[in-house]
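Enquirer: So you can see what is in the structure, the chains are spelled out below.
4 protein chains.
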Amino acid sequence: MISTSHLEVGQQPSGEPARVPVITVEGQPGGPRVYLQANVHGAEIQGNAVLERFLALCRARPPKGHITLVPLANPIGINQKSGEFTLGRFDPISGENWNRQYHFNNRDIEAFCHTHLHLSDTEVTDAFRQQLTAQLAARLDSPWGVKTGQHMALRLQQMAVEADIVLDLHTGPISARHLYVPEYARARAHRFNIPLNIVMPSDFGGAMDEAAFSPWWQLSQQFAELGRTFPVQVDAFTLELGSQEKLDIAQAERDAAGIARYLEVMGCWPEGTHNVAPETQYACALEHYRALYSPCAGQIEYLAPLGQPVPAGAPVVRIWHYDRLGQDTPLFTEVSLPCDAVPVLHFASANAQQGTELYKFLTHTEAL
Amino acid sequence: MISTSHLEVGQQPSGEPARVPVITVEGQPGGPRVYLQANVHGAEIQGNAVLERFLALCRARPPKGHITLVPLANPIGINQKSGEFTLGRFDPISGENWNRQYHFNNRDIEAFCHTHLHLSDTEVTDAFRQQLTAQLAARLDSPWGVKTGQHMALRLQQMAVEADIVLDLHTGPISARHLYVPEYARARAHRFNIPLNIVMPSDFGGAMDEAAFSPWWQLSQQFAELGRTFPVQVDAFTLELGSQEKLDIAQAERDAAGIARYLEVMGCWPEGTHNVAPETQYACALEHYRALYSPCAGQIEYLAPLGQPVPAGAPVVRIWHYDRLGQDTPLFTEVSLPCDAVPVLHFASANAQQGTELYKFLTHTEAL
Amino acid sequence: MISTSHLEVGQQPSGEPARVPVITVEGQPGGPRVYLQANVHGAEIQGNAVLERFLALCRARPPKGHITLVPLANPIGINQKSGEFTLGRFDPISGENWNRQYHFNNRDIEAFCHTHLHLSDTEVTDAFRQQLTAQLAARLDSPWGVKTGQHMALRLQQMAVEADIVLDLHTGPISARHLYVPEYARARAHRFNIPLNIVMPSDFGGAMDEAAFSPWWQLSQQFAELGRTFPVQVDAFTLELGSQEKLDIAQAERDAAGIARYLEVMGCWPEGTHNVAPETQYACALEHYRALYSPCAGQIEYLAPLGQPVPAGAPVVRIWHYDRLGQDTPLFTEVSLPCDAVPVLHFASANAQQGTELYKFLTHTEAL
Amino acid sequence: MISTSHLEVGQQPSGEPARVPVITVEGQPGGPRVYLQANVHGAEIQGNAVLERFLALCRARPPKGHITLVPLANPIGINQKSGEFTLGRFDPISGENWNRQYHFNNRDIEAFCHTHLHLSDTEVTDAFRQQLTAQLAARLDSPWGVKTGQHMALRLQQMAVEADIVLDLHTGPISARHLYVPEYARARAHRFNIPLNIVMPSDFGGAMDEAAFSPWWQLSQQFAELGRTFPVQVDAFTLELGSQEKLDIAQAERDAAGIARYLEVMGCWPEGTHNVAPETQYACALEHYRALYSPCAGQIEYLAPLGQPVPAGAPVVRIWHYDRLGQDTPLFTEVSLPCDAVPVLHFASANAQQGTELYKFLTHTEAL
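Top to bottom, those sequences are chains A, B, C and D. Residue numbering for the first sequence is 1 to 368, as defined by this note's numbering. Residue numbering for the second sequence is 1 to 368, as defined by this note's numbering. Residue numbering for the third sequence is 1 to 368, as defined by this note's numbering. Residue numbering for the fourth sequence is 1 to 368, as defined by this note's numbering.
I should point out that these hints are in silico values taken from the structure, not numbers from a laboratory. Just so you know, not all the hints are guaranteed correct.
To be verified - Okay, the calculated beta carbon distance ranges per label pair:
#, chain 1, residue 1, chain 2, residue 2, range
1, A, 107, B, 285, 42 to 48 Å
2, B, 279, A, 108, 40 to 46 Å
3, B, 183, D, 333, 42 to 48 Å
4, A, 366, B, 26, 52 to 58 Å
5, D, 110, C, 311, 53 to 59 Å
6, C, 137, B, 4, 32 to 38 Å
As the list claims (entries may be wrong) - Selected chain A positions facing chain B (Cβ under 7 Å, derived; list incomplete):
#, residue
7, 11
8, 148
9, 220
10, 223
11, 224
12, 227
13, 229
14, 293
15, 354
Predicted, not measured: the structure shown is a model, and the values here were computed from it. For glycine and all other residues, C-beta sits at the position ideal for the given N, C-alpha and C.
One chain only, chain A, in its complex shape (with noise of 0.2 Å):
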């Protein structure tokens, strides 16, 4: 019923491939295909204690359908360190993010839709689903080749486009848990218990969860306009669980039970089989989530706890000036926000430029 395999997402300039683990759960028939995956970016470690955690929880309790998990699943991003840490978010060469390559070209859906105006759900599906895989294919086969994190996101990619339901599991710097939510599938995301949870709009970027919906959810636009109702398909969310470059197995084992709760929802198990302690939850739109950037270098007290309302006009760091000490000027800058706002993540150092990105918030937080 669990079987393992690894799969070849590159090549180290040593010849030593690049390899990531791929563990299948046959579970009974009835349920969707799921594809779960961690690690993408190198620091972000907790994914792959939930993954171990969601197998067992699997082992405990037989699911319906077919589950697939990749851990560790950007081994180029794991092995690069500098100093102490991973250097795990972009490729030390080019500087870009290894989760905004992958593919999606919706050139054809217009086409695409009509050809297939008639057929019946399943059909689309099948036809559309095939299309994509081929899209992908035609990708990986360029004559000039493709580049290093795109070829290892297309080869992951090519998993995820057979999955109905698709979950990234990644970690922000120093952060509280939180989710996005594509606004489609706003109905189903309480079920993970995560407290923080940004809506977002259903366009394609190039992370794993845009290109897992967003053909879909193009697909169902596309059809509406021809006067059909197509729903959309796939089911797909990023799960930021937690700080990067730490393991937390016991807080690992209560997402792995959030998991297995949305997936009772989507079939997997009886509604009620797995249980955690609920979460007050928060959320707002994507375009409410912020930035702070420091207005000054320094060197930053973060103030504000994670996960926990700030008011508008409440200092959130303070900005010491070390190079001041001993002189009249002031020796701190504080900076509040201007509206109410919940802190999600900051960053990782103490060290800041002018500019740095201090914290993200939720702002203008609404109901999930």
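With chain A fixed as given, assemble chains B, C and D onto it according to the hints.
Expert: Quick look at chains B, C and D alone, frame taken from chain A:
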């Protein structure tokens, strides 16, 4: 006639400012406003030498117009070392390319054209420049702060927005000299005497050249839709003047003369003031400017000399697999191209991953 | 009584100087000369806050003696980012530790003792300090130049060499507070109120504390061989005040008080002027301060809380092998120690190679 | 006669092994055991090509003896990118040079000489080699683990310790070919046909060549003190075969022939089997091999061609200060040397801090 000052473009964690030198040549009246900058990518040193040689030309034969020179335009990028090399193409924190953070929002352009439809060209130009300036000031003034790279870019852009001509001096990694030419300015491009030319559309993608000309090109397009002919008021080019991490004073002198020759057309000097031995010029459209990504990892022997046409099917790189030494499998992979091409630049290292960008080529070349 | 200035310790590629703030507290006569510096390793921010709190103590109760404070002592290291973190432990070009480049050459010490054997302690002290000062000046004056890190070190050392007491404020990666104690100064070390203490021999290895005390200790040894008792004239300690990349103002206040308590013994204040709740103190010899290197690669769960004794054989880390997920091989490796130990610090990342330094421990602990 | 295998020298965080290829040429009996490795510094590619060409020589004319070739000897360093370049000289976590972590402890050497004083040369050699081997095994077996770089070094050293001849193939940054020659092996060094030679003492400093010969040299010295003549049993050289990040197959062929010519003297082939056009050779003692550190920051024009003598007082670099453009202060600083010299290598970047190592020179040159 020549004056100098410094402009603060950021602040380093230690509290020290990041400042750029600003040199102003106040020429005789009647000429254009010209803005030249160099070294926005930290490793791309050569442009500084070109500015130095260009200033010598201005001293030898005072130009008409107002010329601003900004060497060492990105002190944060210039000061960031990683091993012996300068990690200067992107922000070491975020991976964002320093030359993709300039600002332009075309939201108001349609309304602007309607309200300014019946004003004179000069009035339109003044009003539009004012609007661009206001946009930059508003962006800098955000209560949420401005990201390090964008803050620096905006401060440079505040100078560039005043100019009729904007030249941004870069280099490639290991590179022949090449030029990015906006389609509408194609007729003047040959004056720079740069052998390889990429003709690009006039959209905005965040680079300095685009930030300088694209608003004016979009304005021109918008007016055209309303039936008014309004010429693009600003010329902007990105010059790639050789290889990074190198200083070649003799070549800098020739490229300074090429710039002066171009500026003759724009009114800074009488035609024929400056001369330089003409070079064979190739051009292609941006969509035909192609990267070759390594099909496998290995140690790279670059076979195709830069600037010299290579036919389809001829090997351009030999990728050595020294991990197979002593085995019966082939010790190297040779790669060729599906079409004729002119090599523009190649990767700076002999050590490549699968997917490393090995070369860039002009293909489907045409006359400039 | 308090004055400030700046000292140039280097020059950045952009031409900007690398300068350090120098704050001088001119106290009443009769006290020692004291030199304190912080942040020579760029990510080790906390010492700056301790200096700030210490200056407040000096303001509240003016000390005897002459005190020099240098926060942000390594602007080049502080300004070098790599990802979100500060790559501040070593020169990014050469890999050399910023705190191993101080200078002392003991070649002339035997001759010095012979020629100064019959002078008074004060005369010897003055002459030897003069010789050390001359050695630094000669090194800085080399016609071959001086390496970046050594140039900076020498400039700081020129201030420190004037002092009777030198305190160099550092932090570990993720770290409990600990102190490097030269054997000869052991009796005074408990005054800092730092829980974990490493008693070290008095040789010179290139660090600031050694550069400050080792010449005087060697002088004392050399005189002893000639039958003269000459006390070590300089006290020097390296204080490791918690974790890198963090600012904890409350703890800084307690550690500033600990420093003041130590300086009471040295004559800056009357005994009992400053107080702080005493902490349990452990000590061991440097040879018993042991690093644990990871026996294999993997994702690390740090099990042993810092500062709390752990018995031989108890697991201190669990190394997860998520690449084996779904397989029958063990999913983790646990590591324990061959002897009782007190964990002092651990690696800052949960992502480790084989051979990564996971923890450092006091072993064979004894009373301070 | 030629066989290949792989040796694991470490493990990467993703769980993938770090393995090196090991090629064995089993020649006819009667020749020495030879060990050659390349690319211990990750950016120093050229040695791999030399090993490939050398293997071709072995195939063309089978040698006497047993030859082991290890290309790509440091997969961790080779795979570590930082920008386009390979950050391969030091461990990115600790800054430690990969070629300073070999092991030798001379503690027992005096006792060994006493107990083996009256054994034959062969018996002594075998016993001493056994002791060195045991030392490596004990080090690898520490209950506290072994640091990443030392673990890799020890695994390589376990192969090298078996050899009579050890050649470690490196390159400089931008560099002429040069050779480190242990004083005792000076007479044979010219056979490599390398133009620039540094004659070094025979102490141990952690590099592979020293780790290979220094124990045997110390043994020889120790026996000499006891009145026995015991020749140094191992020859070891570090060859620096040009510039990093470059592959030059034609030069590799010439250097492979140089190595073969040296090995003729050692018994692998009859004298005169291999030939190569002789080059002018310079040598100096290690203490006269001098680095020039930049007296100020700026952009560097390297004036002195590598390998060509430059007289005292002649400018070797021009340091441009583009931050002073348009001002009256001098735009550049020229640096010359206090004595005649031959430039061996220069810095790989045109962007320098104060104190950057700009050049290295042979001075006080003599015949090899």
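Enquirer: Are the hints correct? Go through all of them and say.
Expert: We went through each hint and held it up to the structure:
no., hint, verdict
1, A:107 with B:285: 42 to 48 Å, "19 Å, violated"
2, B:279 with A:108: 40 to 46 Å, "43 Å, holds"
3, B:183 with D:333: 42 to 48 Å, "44 Å, holds"
4, A:366 with B:26: 52 to 58 Å, "56 Å, holds"
5, D:110 with C:311: 53 to 59 Å, "39 Å, violated"
6, C:137 with B:4: 32 to 38 Å, "35 Å, holds"
7, 11, "4 Å, holds"
8, 148, "3 Å, holds"
9, 220, "28 Å, violated"
10, 223, "30 Å, violated"
11, 224, "27 Å, violated"
12, 227, "31 Å, violated"
13, 229, "33 Å, violated"
14, 293, "3 Å, holds"
15, 354, "4 Å, holds"
The earlier numbered hints that this structure contradicts are 1, 5, 9, 10, 11, 12 and 13.
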